[in-house]
Amino acid sequence: MKRLWASRFQKPRSDLDAWQASYPVDRGFWREEVEATRAYARALHGAGLLSDAEFQALAEALGRMAAQAEPPTGDFEDVHTAVEAVLAEAVGPVAAKVATGRSRNEDVVTIERLYIRRAGADLLGGIRSLQASLVQQAERHVETVVPGYTHLRQAQPMTWGFYLMSWFFAFERDRDRFRTALRRMDACPYGSGALTGTTVPIDRAALARRLGFLGPTDNALDTVSDRDFILDFLYACLTTGIHLSRMAEDWVLFSGDEFGWLALDEALTTSSSLLPHKRNPDVLELVRGLAGRWLGALVGLSTTLKGLPWGYSKDLQWDKTYFLEASEDLRQALTVMRQVVEGTTVRADVARARLQPWTLTVELVDFLVARGVPFRTAQQAVARFVAHAEAVGRPPESFTPAELAEWLPAVDESVRQVWDPAAAVRRRNLPGGTSPDAVRQQIRKAWQILQERDEAPDS
1 MKRLWASRFQ
11 KPRSDLDAWQ
21 ASYPVDRGFW
31 REEVEATRAY
41 ARALHGAGLL
51 SDAEFQALAE
61 ALGRMAAQAE
71 PPTGDFEDVH
81 TAVEAVLAEA
91 VGPVAAKVAT
101 GRSRNEDVVT
111 IERLYIRRAG
121 ADLLGGIRSL
131 QASLVQQAER
141 HVETVVPGYT
151 HLRQAQPMTW
161 GFYLMSWFFA
171 FERDRDRFRT
181 ALRRMDACPY
191 GSGALTGTTV
201 PIDRAALARR
211 LGFLGPTDNA
221 LDTVSDRDFI
231 LDFLYACLTT
241 GIHLSRMAED
251 WVLFSGDEFG
261 WLALDEALTT
271 SSSLLPHKRN
281 PDVLELVRGL
291 AGRWLGALVG
301 LSTTLKGLPW
311 GYSKDLQWDK
321 TYFLEASEDL
331 RQALTVMRQV
341 VEGTTVRADV
351 ARARLQPWTL
361 TVELVDFLVA
371 RGVPFRTAQQ
381 AVARFVAHAE
391 AVGRPPESFT
401 PAELAEWLPA
411 VDESVRQVWD
421 PAAAVRRRNL
431 PGGTSPDAVR
441 QQIRKAWQIL
451 QERDEAPDS
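Those letters in the sequence shown? Residues 1 to 459, per this note's numbering, in order.
Since the hints were derived computationally from the structure, they do not count as laboratory data. Careful: at least some of the hints might be erroneous.
[To be verified] Cβ-Cβ distance ranges computed for the label pairs, FRET-style: (1) V200 - E342: 48 to 56 Å; (2) R352 - D437: 47 to 55 Å; (3) L295 - L253: 16 to 24 Å; (4) D437 - P24: 29 to 37 Å.
[What the hints assert, rightly or not] Using 16 Å as the maximum straight-line C-alpha spacing, the simulated EDC-like pairs for lysine to aspartate or glutamate come out as follows: (5) K97 - E84; (6) K278 - D265; (7) K97 - D52; (8) K320 - D226; (9) K306 - E390.
The structure presented is a predicted model; accordingly, all values stated were derived computationally and were not measured. Ideal Cβ positions, reconstructed from N, Cα and C, are used throughout, including at glycine.
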């Protein structure tokens, strides 16, 4: 195994070197390492440390390496070593010059930032695609009435479009979290050296711009010590994953026999090796189960970092697995949930049949309040009526206005209107409500948000 530091020692190395190698993991950064090395070589050329011919040879070789479909296999310690080795085969001894003034401590955080920037952009796109699917489905269901729940008990009627739009705005917060994470890491570490900076007169600002960063980092020691940008990214993955998990749980419940008003496309289900009637929501359960992995990644790296001295320590080698797996898991989960949203049928007749009349008793409260009864008086009177109706085993809508008047003040014949779920939905017409008009307003805002975000420079 080639090691960049091997000349320091005289005795043969032990088998532990293979265990310490990171190439099985960080070979996934081949593209970023080649890109970073090419930009750094240009900076060295600009500083007069590479001749025109040397830089031209390096740039051409690195261009060919960037075009490789897969990173090379080999007994390399890490991706930095691999790039130098392949480069040396292509251009000879001049390849050793690309390390001038450059430490692996700064190099690793540079390529990590480049990778997370690309992964973050992909995830932003994945969230946006899911959001667009939610809005498209919401447009079809602005008047489809379904039960709404608190404490997993029916609470009030709502529309399915309203429910879908609630997820749109949750995922919009997730997009903002990713943007914030990417903005905070928008600085280039090159020029930091191992911890105190470099004596090589590279133009750090130009190098940062060449790699697409806003500028260089401000302090070399902070730069090589910092993994906050990974924590920020993992937290964004986690919150998005929690939303996906809760969303998946709802879909599992609503499509189950006890609810039954969502129907999943067959492609989203599997069957049983024993029970021939089963259509199991396995893909939703797998998405739901991923939340633990995202939480584990955030807690794992946080625990590693909390006890480290300021500066680089080898413990930080473990940071890559956390965000590599988290970003790939999230990319796949977003794709799955978009397919779930697009492949789900709402059984409106079943939803209406499942809707319990008790969910409309709050309409009685509103009815009384509209007639001048103080809210608390109205709410307590309706609560006593509900207890009576349950005791005698009658649904609330079966009571005549005259019977209701025995329990409730200010009741007249118009009270019959409160038992219409569609009317109850329409009455929630303030911005943010569940009425068809309010949901259409949310949909218009959602399309505007998606269009603005797509046109924004950071999207």
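Do the hints match the structure? See the list:
One distance hint, 48 to 56 Å for the beta-carbon pair V200 and E342, holds here, with the actual separation near 53 Å. Distance hint check: the CB atoms of R352 and D437 are about 20 Å apart, inconsistent with the given range 47 to 55 Å. Remark: the range hint 16 to 24 Å for L295 to L253 is upheld by a beta-carbon distance near 22 Å. Under the hint 29 to 37 Å, the C-beta atoms of D437 and P24, about 57 Å apart, miss the expected range.
The hinted pair formed by K97 and E84 meets the criterion: a straight-line CA distance of about 10 Å does not exceed 16 Å. With a C-alpha separation of about 14 Å, the suggested pair K278 and D265 falls inside the 16 Å cut-off, and the hint holds. With a CA separation close to 13 Å, the supplied pair K97 and D52 stays within the 16 Å bound. Between K320 and D226 the CA atoms are separated by roughly 14 Å; this keeps the pair inside 16 Å, and the hint holds.
A threshold of 16 Å between alpha carbons decides the hint, and for K306 with E390 the separation of about 56 Å lies outside it, so the pair is violated.
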